[in-house]
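Engineer: Sequence:
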Amino acid sequence: MTNGTQGPRCGPPGYDRYPHLFSEGRFGRLTLRNRIIMAPMGTGFATPDGRVTDRHLHYYAERALGGVGMVITEVVGVEGDIDPTPAGNLLRLDSDLQIAGFSDLARVIHDHGAAACIQLTPGFGRQGQAPPGRGLVSSSDIPSFTDPKTTARGLSREEIARLVQAFGEAARRAASAGFDAIEIHGHAGYLVDQFLSPLWNTRTDEYGGSLDNRVRFAVELIGSVRQRLGPDFPVSFRFSADLKVPGDRPLEEARAIARRLVEAGATALHVDAGCYEAMPWIFPPLYFGRGPLVTLAAAVKEVVDVPVIAVGNIFEPALADQVLADGQCDFVASGRGLIADPEWPRKALEGREDELRRCIMCNEYCVGNLLAGKPLGCVVNPRAGREKYYEVRRAETPRRVVVVGGGAAGMQAACTAAERGHTVVLFEKSDRLGGQLLLASAPAFKRALTYPLEHLRTRLEKLGVEVRLRTEATPQHIARERPDAVIVATGARPAGAAVPGADKRHVVKAWDLHRPRPGLEKPARFAAALGALGLGARGDGPTRGEGEAERRPAPVEGDRVVVAGGGLVGCETALDLARQGKQVTVVETLPEAAGDLNPVNRTALLGLLAEADVTVLTGHRITAVVDEGLKVVGPDGRERVVEADTVVLALGSEPEDELARELRREYARFFVVGDCAEPRRLGEAIHEGFVAGLQV
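So in the numbering used here, spot 398 of the sequence shown is number 398, and the numbers just go up one at a time.
If you are wondering where the hints come from, they were derived from the structure by calculation, not from laboratory data. Do not rely on the hints blindly, as some may be mistaken.
[Unchecked claim] Keeping only pairs whose Cα atoms sit at most 25 Å apart, straight-line, the calculated DMTMM-like set for lysine to aspartate or glutamate is:
1. Lys-244 / Asp-147
2. Lys-631 / Asp-645
3. Lys-509 / Glu-656
4. Lys-244 / Asp-613
5. Lys-509 / Glu-391
6. Lys-429 / Glu-656
7. Lys-504 / Glu-639
8. Lys-429 / Glu-658
9. Lys-462 / Glu-391
10. Lys-446 / Asp-559
11. Lys-388 / Asp-431
12. Lys-631 / Glu-654
13. Lys-509 / Glu-654
14. Lys-509 / Glu-628
15. Lys-446 / Glu-639
16. Lys-244 / Glu-277
17. Lys-244 / Glu-611
18. Lys-462 / Asp-354
19. Lys-631 / Asp-512
20. Lys-388 / Asp-54
21. Lys-374 / Glu-678
22. Lys-509 / Asp-627
23. Lys-631 / Glu-643
24. Lys-446 / Glu-628
25. Lys-388 / Asp-49
26. Lys-347 / Glu-62
27. Lys-388 / Glu-343
I would like the entire structure built from these sequences, with the hints used as guidance.
Structural biologist: Structure (C-alpha cells):
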C-alpha cells in the first residue's frame with residue numbers, strides 16, 4: 001500500500017502542514033478520512049456481565065468527534081466458559097442479546113464521522129486472572145504469569161474448535177451491530193500469542209512445533225470470521241513483532257508470521273511489541289521516547305501488501321506525518337494520546353497545535369488504574385472516562401476568583417474557572433509558572449513533563465487569566481482583590497531536614513539539583529519564541545538543544561553520589577546522575593525501590609537503573625549524614641557508612657500550608673488543592689485543581 005498524498009487541498013491548514021496524516025486511507029473496502037486510528041485500550045467501564053454502558057458511549061463519542069479516521073474499541077471477549085478471563089469489567093459479545101448495546105456503541109462512533117472497528121479476543125490465557133474455582137488455560141501446560149506456582153492448562157482440540165466457533169459468532173454479532181471492521185487480539189503474550197510463540201507453545205499436535213502449526217489457531221480465527229462475513233470484510237490482526245524476552249522468535253520469524261496472516265485473509269496488520277514479562281514495551285513509558293516501535297512496523301511492511309498500523313507513543317502530529325511520509329507504515333494508532341486529548345487530530349488539522357494536551361506517557365491513571373482493578377482515567381485529562389459527569393459549563397453567576405500558586409494544581413484550577421466564565425487572578429511568588437513541573441522535567445528523559453506545563457500556560461494566556469509573577473500573596477493582597485472565591489495551591493517543600501547532618505556542606509536536596517540555574521540565559525532565538533507565558537516552540541514538542549543550558553542540573557561534586565530515598569524522585573535523580581557519569585547508590589528504607597510508581601514504569605525505571613550500574617540498597621534505614629557519606633542500618637541490623645562525595649536527599653516533601661490555614665475561615669468559597677493539601681503526585685494536583693475550578 002502506498003502513502004501517496006492527494007496533492008494540495010483546500011481547507012484547514014493541517015492538510016498542507018501534515019499532508020500524509022490527513023490524506024484519506026484505504027483499509028480493506030473502507031476509506032478512512034485520515035490516517036489516525038484510535039488504538040484499543042481497556043477502560044473498565046463494562047457491567048459485571050460485560051455489557052456496554054453510557055460511560056462507554058460518551059468516552060468513545062468524544063474520541064470520534066475529535067477527528068480520528070477509525071476507532072478500534074477496547075478488547076471484547078467472545079466467551080467466558082473455556083478461558084475464564086473475559087469476565088468482570090471486560091466487555092463481552094457472546095450472546096445475541098448484547099448486539100443492541102454494541103449497536104449503540106457503533107452508532108455514536110459513526111455519528112461523528114469515524115469508522116468503527118471492534119477488537120475481539122478468544123482469551124488472555126496464562127496472563128489472565130481466574131475467578132475462584134476456575135483455572136487458567138493456555139496453548140500448553142505452562143506456569144501462569146499472575147501466579148507462577150500454578151499451571152495454566154493446555155487447551156484440548158475440542159476447546160480450540162469451540163473458541164474458533166465462538167470467535168466467528170462474535171464477529172457476526174459485531175457486524176450485525178454495525179461495526180465496519182474486526183481486529184483480532186493476537187498480541188502481547190495473550191492467548192493467541194501463546195500459540196504463536198515457542199516460548200509458551202510446547203504442543204506436539206497440529207497446533208505446535210513448526211511455524212505453520214503455531215500459526216494454525218490464528219489462521220482458524222481469521223477463517224471463522226471470513227466464513228461468516230465474506231472475503232472482503234476488513235479484518236485487522238494485532239500482533240507483536242518482538243516480545244522483548246530472551247528466547248523469543250527472531251524478527252524474520254515475525255515477518256513470516258505476518259505473511260501467513262495475510263495469506264489467511266488478514267486485510268491489515270497492527271504491529272506492537274512486548275508481553276507481561278516485558279510489560280513496558282506494551283505501554284512504552286516516557287523513558288522510551290516517542291515512536292519506539294515504528295521500526296518494527298516498518299520491518300513488517302516490507303514483506304506484506306496490506307495496510308500496516310504503527311503504534312506506541314505516536315501522538316505528535318509532526319512525528320505521525322513523518323513516519324507516514326517515510327513509508328514506515330500506512331496508519332498510525334494512538335491510544336494514550338487520545339485519552340489525554342481526544343481532540344488532537346482536529347486540533348492538528350485546524351492549526352491549533354499550541355492547544356494540544358499531550359500524553360506524558362506516565363501510565364498512572366490509564367494502565368495503572370486498570371492493573372489495580374479501577375476504571376481508566378488520565379493524569380493530564382481529568383475528564384477522561386468521566387465525560388458524562390465532568391462537563392465544563394458556563395457559570396450562571398460569574399465570580400472573581402483568586403488562585404494562589406502557579407504549579408500544576410493552581411494553573412489547572414485557574415484554567416477551569418476561567419473556562420466557566422469567571423474572572424481569575426493567579427499569584428505566583430517565583431518568576432515563572434510551573435512549580436514542581438519545572439524540577440521534574442529537568443532530566444532529559446523527563447522532558448515529556450513539559451507538555452502539561454506548556455498546555456496550561458497556553459490555556460491561561462488564551463483564557464485571559466491575569467498572572468502576577470514575583471508576587472507572594474499575603475492575606476492582605478488577597479483581600480484587596482475582593483474575591484468571591486479563593487483557591488490555594490501553594491505546593492510543598494522538600495523534607496529531610498530532620499536527618500542528622502542534613503546541613504553538611506556536601507548535602508544537596510534533589511529538588512535543588514533540578515532548579516533552573518541563575519545567570520544562565522536562553523539563546524535569543526529560543527527566548528523570543530517563549531512569550532510572556534510560553535515555554536518553547538510549538539509543534540513537535542521539546543527536544544534536547546535549545547534552552548538546554550538553563551535546564552541542565554547543577555554540578556554535583558565528586559564522582560561518588562548516594563541518594564537518600566528510593567521513591568520515584570530518588571530513583572529518577574539517580575538515573576540522571578548516573579547518565580552524567582557519576583557512581584550512584586540509592587538507599588531506600590522500604591523493601592522495594594520506586595514502590596510509589598505503577599508496575600509498568602517501575603519495571604522500566606529499575607531496568608534503566610540496572611543498565612546504568614546504579615546500586616540500589618533496599619531495607620536500609622537512614623540514620624545520619626556523616627563526612628564520609630550516609631550512615632545506614634541494613635536488614636541485618638548492622639550499621640555501615642555508604643561512602644560518597646555528595647549526598648542527595650530525596651526523602652519526600654511536606655505541605656506549604658501556612659497560608660491555607662490562615663485563610664480557611666475568611667472565605668465562604670475556599671479550596672485547598674494539590675500538595676499544600678497533602679503531597680502526592682501530578683495527577684492528584686491536576687484533578688483537584690480541575691474540580692475546584694468546577695465548584696467555584
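Engineer: May I ask which of the numbered hints given earlier this structure violates, with the numbers listed in increasing order?
Structural biologist: 5, 11, 15 and 24
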